[in-house]
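Undergrad: All chains should be modelled from the sequences, with the hints used to inform the complete structure.
So the chains spell out like this:
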Amino acid sequence: MFEAARDALHIPPVLGWGLVVVAVALVAGSVAAWRPGGGAELRARMASWWVMAALLVLALLLGWPAMTLLFAGASFLALREFLSLAPLRREDRLVVLFAYLTVPFVYGLVALDRYTVFLIAVPVYFFITTPFLLAVAGQTRGFLAAAAVFQWAALTCVSNIAYVPFLMRTPDAEAPAGAAGLVFFLLLVTEMNDVLQYVCGKLFGRHKIAPTVSPNKTWEGFLGGWGLTAALIVGLAPVFTPFSRIETLIAAALLPLAGFAGDVTMSAIKRDLGVKDTSRLIPGHGGVLDRLDSLTFTAPLYFHLLAAYALERF
Amino acid sequence: MPSSASELPRLSPFRLLFLRAFARPLAQLLTGADVHGREHLPLRGPAILAANHNSHLDTFLLLSIFPARAVTRVRPVAAADYFLASPARSWFSRRLIGITPIDRRAKPGTDVLAPAMAALARGDILIVFPEGTRGEADELGSLKTGVAKLAAAFPEAPVTPVWIQGAGRVLPKGARMPVPMNCCVCVGPAVRWTGDRTRFMGELKDGLAALQASAPPLRWA
Chain A
1 MFEAARDALH IPPVLGWGLV VVAVALVAGS VAAWRPGGGA ELRARMASWW VMAALLVLAL
61 LLGWPAMTLL FAGASFLALR EFLSLAPLRR EDRLVVLFAY LTVPFVYGLV ALDRYTVFLI
121 AVPVYFFITT PFLLAVAGQT RGFLAAAAVF QWAALTCVSN IAYVPFLMRT PDAEAPAGAA
181 GLVFFLLLVT EMNDVLQYVC GKLFGRHKIA PTVSPNKTWE GFLGGWGLTA ALIVGLAPVF
241 TPFSRIETLI AAALLPLAGF AGDVTMSAIK RDLGVKDTSR LIPGHGGVLD RLDSLTFTAP
301 LYFHLLAAYA LERF
Chain B
315 MPSSASELPR LSPFRLLFLR AFARPLAQLL TGADVHGREH LPLRGPAILA ANHNSHLDTF
375 LLLSIFPARA VTRVRPVAAA DYFLASPARS WFSRRLIGIT PIDRRAKPGT DVLAPAMAAL
435 ARGDILIVFP EGTRGEADEL GSLKTGVAKL AAAFPEAPVT PVWIQGAGRV LPKGARMPVP
495 MNCCVCVGPA VRWTGDRTRF MGELKDGLAA LQASAPPLRW A
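As given, the protein sequences belong to chains A and B, one line each in that order. Residue numbers 1 to 314, in the numbering used here, belong to the letters of the first sequence in order. Residue numbers 315 to 535, in the numbering used here, belong to the letters of the second sequence in order.
Think of the hints as simulated: they come from the structure by calculation, not from any bench. All residues carry an ideal CB built from backbone N, CA and C; glycine is no exception. Among the hints, erroneous ones may be present.
Claimed, not checked - Selected chain A positions facing chain B (in silico; Cβ < 8 Å):
1. S84
2. R90
3. R93
4. R271
5. G274
6. S279
TA: Take a look at the structure:
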């Protein structure tokens, strides 16, 4: 029955096993959380993991249109969190509305399969349009800071996140577990890097790595998470990606670093604003941006590594 | 005026459907509708919610944070001169939003609080905006004392201070185009009527000021 369902949904066997492993991890986490003394926060966190995993698995199975819709929604929520917390001026109000247009625009380019326009849509055209609109709005006090807020918000929350559904458009023949396998690998590695850095920090953490930005992060957590995630990448890359041996090593060295960088950079913003979470949308996790912070850095890097070395398509 | 401002309007049988299928998703799309201090939210009446007021969105936002079983009891107090001004607006305000009208232009001697008192007597949860009108975004204006009269008449009803942060950016006074930005509804511990109006109003104002100070920085720089 399992195989019949798998064939009907065109799931490569190895991806099926990957999903089974994720399900087992979720069950194990839930059992731990619902033991007596598990704590309401941990339970809320696990319940949210189930919902997020279900949405992602559904999108992985349904293909790029579903993945595009899911990430367009996530980008809108992340962008709304970013623009709401960042210091903008009263005069910027309608430019905020304009910035939301990047979501249908960029994800529309994913749907229309316009790869080159997709690459420059935000970093060239949104970047020059927004400062002009801010000039039209007429407030020059804090102009550069406001322009930087808009540009960085659109780049991280929309453009960088949209690489994920674009990767789903890779022809299945180009990767050993299909396009869904490529995306699954990125999401798994990014989330496991977060989890492993956290766990290593809890177990062995002694020396603070960024005391003024993220006081809970330690060298031990960073290096331990890096090493374990790199090992995970080396072990699983041949199963899910078309990377050669040397390309796998480059990915193993860079992706955990990018995840850490995304996490710390978002922490610096939150500390600047004096908030712990970007919102309370996801129980036990915080905001969408809290959950996506590492992915805003790993997604474009992983995509560009694949495009440069391994995929014919891009 | 198509409907009297001195009685409690009847609700449409489709009010719950409207609130859950339209008003709540709209409020969540535009604001995210984060709630801080949800444990302080009264779920049974008679109770009074006293909130700051910057935007027409405030009522939608407050109605969206109640669970379905409680929201059928929630009635926002709203100005009769504005919300009952045209037949369409009046029908929408009375039947779907479920406002309790208050007549800001009543002749001296009329009891403008009668519909609100009737709602509390029925065991409803009343939303009041003690500033009396939409003020400057994220600033607390002076509070009118009608809320103290309600509390004095129903001393068993808790008066819960609520600070809405950010709605004045999504849809400020005078704007027609809403812009989605995150908002936070901060609910504080209830204030009780103890027989002294000055003291009661002071405690309510302090409660609102404390919530304002604790709210996330969802404001213009």
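Undergrad: Could you check if A:S279 really has its C-beta closer than 8 Å to a C-beta on chain B?
TA: holds, 6 Å
Undergrad: Min Cβ distance, A:S84 to chain B: is it shorter than 8 Å?
TA: holds, 4 Å
Undergrad: Should the interface hint for A:R271 be scored as holding, given a Cβ-Cβ cut-off of 8 Å against chain B?
TA: violated, 12 Å
Undergrad: Would the stated hint for A:G274 survive a check requiring a Cβ distance to chain B of less than 8 Å?
TA: Constraint on A:G274 satisfied, holds at 6 Å.
Undergrad: Was the hint right that A:R93 lines chain B, CB cutoff 8 Å?
TA: holds, 6 Å
Undergrad: With 8 Å as the cut and Cβ atoms as the points, is A:R90 at the interface with chain B?
TA: holds, 5 Å
Hint 4 from the list above is the single one not met by this structure.
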